[in-house]
Amino acid sequence: MFPRLVYESFRHQARRKLLAGIAITLGVAVATAMIAVATDIGDKINRELRSYGANLVVTPQEDTLDVEVGGINLKPPSDGAFLNEADLPKIRGTFWHNNIVGFSPMLPVTVRLGDRDTSDVTLLGTYFNKALSFGKDNFTTGVRITHPWWKVSCGDGKESPNCGWPTDDSQNVLLGERLATKLDRKPGDTIEVSGRQLAISGILSTGGAEDDQIVAPLALAQQILGKPGAVRRVYVSALTKPQDALSVRDPKTMTPEVYDRWYCSPYVESIAYQLQEVIPHSRAEQIRQVAQNEGTVLSRIKGLMLLITFAALFASALAVSAAMATAIYERRVEVGLMKALGAGNLAVSAIFFAEALLLAIAGGIAGFSAGALLARQIGRSIFNSQISIEPVLFPIIIAIAVFVTFAGSAAAIRRAVKFDPVFALRGEG
Amino acid sequence: MTTSTVSDTLLDPKQVADRRARAPHTSMFARMLLRAAVLRRRHAASALLAMIVAAAVATAMMNLYVDVQAKLRTEFRNYGANVIIVAKDGQSLPADSLGKVESVLGAKTLAIPFSYAVARTKDGQSVVVAGTDLNRAQQLNRWWKIIPYAGVQLIPEDKDWVPPKAALIGVLAATVVSPDRQPFELSFHGRTITLQPSGSLQTGAGEDSRIYLDQSEFQNWTGVAPSTIEVAANGTAAEVEASIRQLAQLLPSAEIRPVRQIMEGEANVLNKTHATLYVSAALIVFTSALCVLATLIGWVFDRRRDFAIMKALGASERLLNGFFAAEAAALGMVGAILGFFIGIGVAAWIGRVNFHAPVVPRFSVFPYVLAGSIIVALLSAILPITMLRRIQPAIILRGE
Numbered sequence: 024m025f026p027r028l029v030y031e032s033f034r035h036q037a038r039r040k041l042l043a044g045i046a047i048t049l050g051v052a053v054a055t056a057m058i059a060v061a062t063d064i065g066d067k068i069n070r071e072l073r074s075y076g077a078n079l080v081v082t083p084q085e086d087t088l089d090v091e092v093g094g095i096n097l098k099p100p101s102d103g104a105f106l107n108e109a110d111l112p113k114i115r116g117t118f119w120h121n122n123i124v125g126f127s128p129m130l131p132v133t134v135r136l137g138d139r140d141t142s143d144v145t146l147l148g149t150y151f152n153k154a155l156s157f158g159k160d161n162f163t164t165g166v167r168i169t170h171p172w173w174k175v176s177c178g179d180g181k182e183s184p185n186c187g188w189p190t191d192d193s194q195n196v197l198l199g200e201r202l203a204t205k206l207d208r209k210p211g212d213t214i215e216v217s218g219r220q221l222a223i224s225g226i227l228s229t230g231g232a233e234d235d236q237i238v239a240p241l242a243l244a245q246q247i248l249g250k251p252g253a254v255r256r257v258y259v260s261a262l263t264k265p266q267d268a269l270s271v272r273d274p275k276t277m278t279p280e281v282y283d284r285w286y287c288s289p290y291v292e293s294i295a296y297q298l299q300e301v302i303p304h305s306r307a308e309q310i311r312q313v314a315q316n317e318g319t320v321l322s323r324i325k326g327l328m329l330l331i332t333f334a335a336l337f338a339s340a341l342a343v344s345a346a347m348a349t350a351i352y353e354r355r356v357e358v359g360l361m362k363a364l365g366a367g368n369l370a371v372s373a374i375f376f377a378e379a380l381l382l383a384i385a386g387g388i389a390g391f392s393a394g395a396l397l398a399r400q401i402g403r404s405i406f407n408s409q410i411s412i413e414p415v416l417f418p419i420i421i422a423i424a425v426f427v428t429f430a431g432s433a434a435a436i437r438r439a440v441k442f443d444p445v446f447a448l449r450g451e452g
Numbered sequence: 025m026t027t028s029t030v031s032d033t034l035l036d037p038k039q040v041a042d043r044r045a046r047a048p049h050t051s052m053f054a055r056m057l058l059r060a061a062v063l064r065r066r067h068a069a070s071a072l073l074a075m076i077v078a079a080a081v082a083t084a085m086m087n088l089y090v091d092v093q094a095k096l097r098t099e100f101r102n103y104g105a106n107v108i109i110v111a112k113d114g115q116s117l118p119a120d121s122l123g124k125v126e127s128v129l130g131a132k133t134l135a136i137p138f139s140y141a142v143a144r145t146k147d148g149q150s151v152v153v154a155g156t157d158l159n160r161a162q163q164l165n166r167w168w169k170i171i172p173y174a175g176v177q178l179i180p181e182d183k184d185w186v187p188p189k190a191a192l193i194g195v196l197a198a199t200v201v202s203p204d205r206q207p208f209e210l211s212f213h214g215r216t217i218t219l220q221p222s223g224s225l226q227t228g229a230g231e232d233s234r235i236y237l238d239q240s241e242f243q244n245w246t247g248v249a250p251s252t253i254e255v256a257a258n259g260t261a262a263e264v265e266a267s268i269r270q271l272a273q274l275l276p277s278a279e280i281r282p283v284r285q286i287m288e289g290e291a292n293v294l295n296k297t298h299a300t301l302y303v304s305a306a307l308i309v310f311t312s313a314l315c316v317l318a319t320l321i322g323w324v325f326d327r328r329r330d331f332a333i334m335k336a337l338g339a340s341e342r343l344l345n346g347f348f349a350a351e352a353a354a355l356g357m358v359g360a361i362l363g364f365f366i367g368i369g370v371a372a373w374i375g376r377v378n379f380h381a382p383v384v385p386r387f388s389v390f391p392y393v394l395a396g397s398i399i400v401a402l403l404s405a406i407l408p409i410t411m412l413r414r415i416q417p418a419i420i421l422r423g424e
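Protein chains in written order, with our numbering: chain A, 24 to 452; chain B, 25 to 424.
Hints listed in this document are in silico derivations from the structure and should not be mistaken for laboratory results. Beta carbons: idealized from backbone N, C-alpha and C, even for Gly. Be a bit skeptical, because a hint or two may be false.
Said to hold, decoys possible - Result set (DSS-like, lysine-lysine): computed pairs, CA atoms no more than 25 Å apart in a straight line:
# : chain 1 : residue 1 : chain 2 : residue 2
1 : B       : Lys112    : A       : Lys174
2 : A       : Lys205    : B       : Lys169
3 : B       : Lys112    : A       : Lys209
4 : A       : Lys113    : A       : Lys275
5 : A       : Lys264    : B       : Lys169
Said to hold, decoys possible - Here are a few chain B residues that sit away from chain A, every Cβ distance over 10 Å (derived from the structure):
#  : residue
6  : Ala60
7  : Asn292
8  : Phe310
9  : Ile406
10 : Leu412
Claimed, not checked - Covered stretches of chain A (chain B as the covering partner; in silico rule of three or more C-beta atoms under 8 Å from a C-beta of chain B):
#  : stretch
11 : 60 to 73
12 : 207 to 215
13 : 218 to 231
14 : 300 to 312
15 : 317 to 330
16 : 431 to 440
Build the full structure now, drawing on both the sequences and the hints.
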């Protein structure tokens, strides 16, 4: 009899059940999407923060002092130590290689321009978008990944197919925009650098010291310097975990267990330590301007999303409760009839709760799928990447949906059950 | 039908007439509205509650949406200068540059002059020495890791106190000039100065191989005036652009550049956060509207007997529609006003918890919340009324 009552209720009041079901579905969908976005936002914003550029720099251990003022390097060109370019792919062999977004080697060379009696200019050798491999792992890296604010144009701010990034194996260079104005050169022109005629493939704008420099493929800079394989420093862009009490400890003073935990956490300090391990005679250090601020920005945005998710959960719980309360309140006549036929309070409540349970599960499943789709859409349109939904979220969401539906129905069911059947049947609600 | 009407009739008719005569004359329409709210206060209260909650949530979200950008922007200023003023061709900036910059951007903006010179150590090594206002440079560059050497007071309590020829040594420079933290000599164009390391500076960038001195100390020694001013300009990208243009007019001899790395990184992260917040706010406002819709439909539907009685007594369709619409609008209005203030409180609380600064109440949001609430309330009233209109009053009154 009990299942039949519930079944008939759904069959005869399909429209009302549909309305309540829609409310639950929408509420659950919003809750699911918000939880998915909130749990993933840290990761997404961390990736966006990489647009600030590298957060680690690797330099030779025994280096002489940099003597650089206003982007002009006054250090004698062959002075100081170098890193070996052949060691760089090993960066992909570190424990946290998946967190390393990219790296760019830099080799500044002071050169004299051939055609005119100008002062010395810095030629910076680097990777633009170089294809490398480490073991079976093929990847590309360079300034186009680590320095996303570097823009190449034709010098007038417009992009065109005639001017662009040079390839890493070419003899073409980029001219910093201020240097280009000073020398009055355009893409397509050539420039004489230390006796070589180099073609200018584009004008580089960075808002930094590079605007006064020539930027060339690393191999070309090494040829000009006469030191094959030499790299002055390497900028590494890595996804890191914000600093905490453990991260700043000195690895030398740690117990083995603490050391393992430190080593296996993607702190900027432990990634620096691992870079030092794979690149011989190197000193890896965090670029504090970038690394230190990431944590604050990240925690602010994560905290904000967490609070907003609570607001969303609260609003959807309220919407579901309101819909359920309304649906039950309308059925007082039915309750009156059942009670007049001898149904006890318990039996009547049981029917309502069974209905609520069915609605919650059906609405929960539909809402979870809709929420997952919504989260994916949000991820794709805002962050251009997937927002993944943990499967573990499914039972939690269903449980929350059932709980909220029950909680929302409870007060209405109690009132409906308490209502005198006589009044209900006479229609004096 | 209810206790209050019954008790009214039980009173002395004369008293009642008296009271009614003294009572302010209100139209039947207004009285119907008022009585409906008073007599069915439990239902009215639950509908109002839904309205208030929805309006509060919507207000809080809109407030946050408007204010979070400003809040995050101040966080982004921790990344340091976003505008750099450089003298052209290695010259020094005119002496009044800093004053001009501050007059354009306001004294609250951090604008810090830097001057650079290449000095030589005793054994002939070149090292870059910079002169600046060290206290303010630390405010601008909060990521500077400064370890004061014991016994040397680096940041004096008194602002005017200048450390006697003390220098902040970059960690790499320290290994060259003063590995044992002893005083060392530097010479610049034949003029020698003895400096006492007061602490080490670590940044992971160019600063590590420099030595920092107080500006006046530096200028006394080298005679070199500031060539660079680093500015942390507040405001949106457009406001910063406007400041740059203004500065360019005031300082024709200097070059004013935005720091693209900082500006673009900030714009990128802000845009993404803003878009996420926008979607979240839209979803939450939508859910709250749904909540109001569900509650109000129930409320209006529940009053079908009033509807039927009015219709049976000869109320026109227009009057009925007007009555329910007015009721819904009144509910929406009251809910919006109460909800607005609660919402402002919620937004302020979120601001305090997350950003350690309250979100400033935006009263400009109020018209939107008010209009939205009334529209949602009207929508929720229209739906059940159109359903009821089709039914004969007798059927409703018979309770079928």
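Against the structure, the hints:
This hinted pair checks out: Lys112(B) and Lys174(A) have alpha carbons roughly 23 Å apart, not beyond 25 Å. At most 25 Å may separate the alpha-carbon atoms for a hinted pair to count; Lys205(A) and Lys169(B) exceed this at roughly 38 Å. Restraint check for Lys112(B) and Lys209(A): satisfied, since their Cα atoms lie roughly 22 Å apart, inside the 25 Å limit. Restraint check for Lys113(A) and Lys275(A): the C-alpha separation of about 24 Å stays at or below 25 Å, so the hint holds.
The suggested pairing of Lys264(A) with Lys169(B) holds, with an alpha-carbon distance near 19 Å, which does not exceed 25 Å. Every CB of chain A lies more than 10 Å from the CB of Ala60(B), the least distance being 15 Å, so the non-interface label holds. Not every C-beta of chain A lies more than 10 Å from that of Asn292(B), the closest at about 5 Å, which undercuts listing it as non-interface. Distance check on Phe310(B): its Cβ comes as close as 7 Å (rounded) to a Cβ of chain A, failing to clear the 10 Å threshold; non-interface status is violated.
Ile406(B), annotated as away from the interface, keeps every beta carbon of chain A farther than 10 Å; the closest lies near 16 Å. For Leu412(B), the condition that its CB be more than 10 Å from all CB atoms of chain A holds, with the nearest at approximately 13 Å. Three residues within the 8 Å Cβ limit are the bar, and the stretch 60 to 73 of chain A against chain B gives 6, so the coverage statement holds. Here's how the stretch 207 to 215 of chain A fares: 0 of its residues keep a CB closer than 8 Å to some CB of chain B, so the rule of at least three is not met and the hint is violated.
Remark: the stretch 218 to 231 of chain A is confirmed as covered by chain B, as 4 of its residues place a Cβ nearer than 8 Å to a Cβ of that chain, reaching the required three. Taking a C-beta to C-beta cut-off of 8 Å, the stretch 300 to 312 of chain A contributes 5 residues in contact with chain B, enough for the three needed, and the coverage statement holds. By the rule of at least three residues with a Cβ nearer than 8 Å to a Cβ of chain B, the coverage given for the stretch 317 to 330 of chain A holds, with 8 such residues. With 0 residues bearing a CB less than 8 Å from a CB of chain B, the stretch 431 to 440 of chain A misses the requirement of three and the coverage assertion fails.
Violated hints for the displayed structure, listed by number in ascending order: 2, 7, 8, 12 and 16.
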